[in-house]
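Go by the hints and put chain U onto chain G.
As you go down the protein sequences, you meet chains G and U in turn.
So the number in the numbering used here is just where the residue sits in the first sequence, counting from 1, plus 27.
So the number in the numbering used here is just where the residue sits in the second sequence, counting from 1, plus 27.
No lab work stands behind these hints, which were simulated from the structure alone.
One or more hints might be untrue.
Note: identical chains are not told apart, hence a pair may lie in one copy or across any two.
[To be verified] Below, simulated SDA-like cross-link-like pairs (lysine to any residue); rule was C-alpha separation at most 20 Å, straight line:
hint: 1; residue 1: K209; residue 2: E175
hint: 2; residue 1: K85; residue 2: E167
hint: 3; residue 1: K209; residue 2: R110
hint: 4; residue 1: K106; residue 2: N132
hint: 5; residue 1: K176; residue 2: R216
hint: 6; residue 1: K176; residue 2: D204
hint: 7; residue 1: K176; residue 2: A45
hint: 8; residue 1: K176; residue 2: R65
hint: 9; residue 1: K176; residue 2: A210
hint: 10; residue 1: K209; residue 2: R112
hint: 11; residue 1: K106; residue 2: G199
hint: 12; residue 1: K114; residue 2: A210
hint: 13; residue 1: K209; residue 2: A173
hint: 14; residue 1: K85; residue 2: R43
hint: 15; residue 1: K176; residue 2: E205
hint: 16; residue 1: K176; residue 2: I196
hint: 17; residue 1: K176; residue 2: A206
hint: 18; residue 1: K85; residue 2: R65
hint: 19; residue 1: K106; residue 2: R123
hint: 20; residue 1: K176; residue 2: K209
hint: 21; residue 1: K85; residue 2: G198
hint: 22; residue 1: K209; residue 2: R177
There are 2 protein chains.
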Amino acid sequence: MKRASPRQNYHHGDLRSALLATGVRLLEGSGNADIGLREIAREVGVSATAVYRHFPDKDALLAALAETGFERLAAAQLKAAARYRNKAAAFRAIGRAYVRFALANPALFRIMTSHMHLTGANGSRGDNRAAALLRERIAELLPAAASEKRRTVTALQAWALVHGLAMLILGGQVPHDEALIKAVVDEFRPGETAT
Amino acid sequence: MKRASPRQNYHHGDLRSALLATGVRLLEGSGNADIGLREIAREVGVSATAVYRHFPDKDALLAALAETGFERLAAAQLKAAARYRNKAAAFRAIGRAYVRFALANPALFRIMTSHMHLTGANGSRGDNRAAALLRERIAELLPAAASEKRRTVTALQAWALVHGLAMLILGGQVPHDEALIKAVVDEFRPGETAT
Chain G
28 MKRASPRQNY HHGDLRSALL ATGVRLLEGS GNADIGLREI AREVGVSATA VYRHFPDKDA
88 LLAALAETGF ERLAAAQLKA AARYRNKAAA FRAIGRAYVR FALANPALFR IMTSHMHLTG
148 ANGSRGDNRA AALLRERIAE LLPAAASEKR RTVTALQAWA LVHGLAMLIL GGQVPHDEAL
208 IKAVVDEFRP GETAT
Chain U
28 MKRASPRQNY HHGDLRSALL ATGVRLLEGS GNADIGLREI AREVGVSATA VYRHFPDKDA
88 LLAALAETGF ERLAAAQLKA AARYRNKAAA FRAIGRAYVR FALANPALFR IMTSHMHLTG
148 ANGSRGDNRA AALLRERIAE LLPAAASEKR RTVTALQAWA LVHGLAMLIL GGQVPHDEAL
208 IKAVVDEFRP GETAT
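For reference, chain G alone in the conformation it holds in the complex:
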């Protein structure tokens, strides 16, 4: 694992990015979701005061880490989808990428999914790029005449399926088996259901 070299002078935005990147790295390195601001400051080589300027408290840090996680997840999903020209195949690739991301970044994923109250604009429901991406892709797969309700339900079905699969594997209830993940995700065919 690459260790960030300590620097004393960061531009404002650069330091924020460096702190978050280091936060994510420390998270996955320790496997412990309880990450501290001081630990990150030490690792990056800046004072705790400099960190507090960007993240006044733990919640602000967690919210920013969650946001970073959702950006990375969306990037991974887009990259996975780009390999397919067929829309249904691309959709399934997005689903598999979701599960794979969760399994590869368990501590970050836990923060992403348990601190939505911090990232949601209205403080209650967190919306994010990954969810928006899912809705867009679902819309492409459903018949043009599909109702708004059907779009919402199908998008949530797809999200719940991959989220549940990831959580069951992370919780040790289901073995981590790539072929099984592929089979479970691939058999979800939103364009083909009867309703």
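Below, chain U alone, put in the same frame as chain G:
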């Protein structure tokens, strides 16, 4: 909420049941999954030593609480299914009961799903009555000719769907909306998929 009356003399099995029932009640009352053996002992009105005789450590307590949770979940699912004669309708009722149980018992559900390494017979994969029930019901819905692989994949799909939906709602990512839960679960039609 009923408070257990303190008793000094329990039969062995009775005390264990009383401790677990109290543990579940305290869990949901505090909303805190970090429950202590001493707290349970105090509540039931027995000495900590008496509790340690049943649960030598925290892990033993958590494993027993998880098992109690799975028993209650299976009972709730069977009760929900019993209201329907149609097998497909009963299956959907089982799915909705899973989500409803998780939302009604969040702290217990968290223990059930994050401590499977403690309850699994072989220490790696936790098997439980709720999962077994799901597999049985899936088998009834699929064509007799369905392959073993298809049964496994479809059962896991159904489980992942309700598990993911429950976790997304518990995490605040999806609003708690009974009509939406019903729609998402009811649109899962394992007997009707193309594959």
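Which of the listed hints are broken here?
2, 7, 8 and 11
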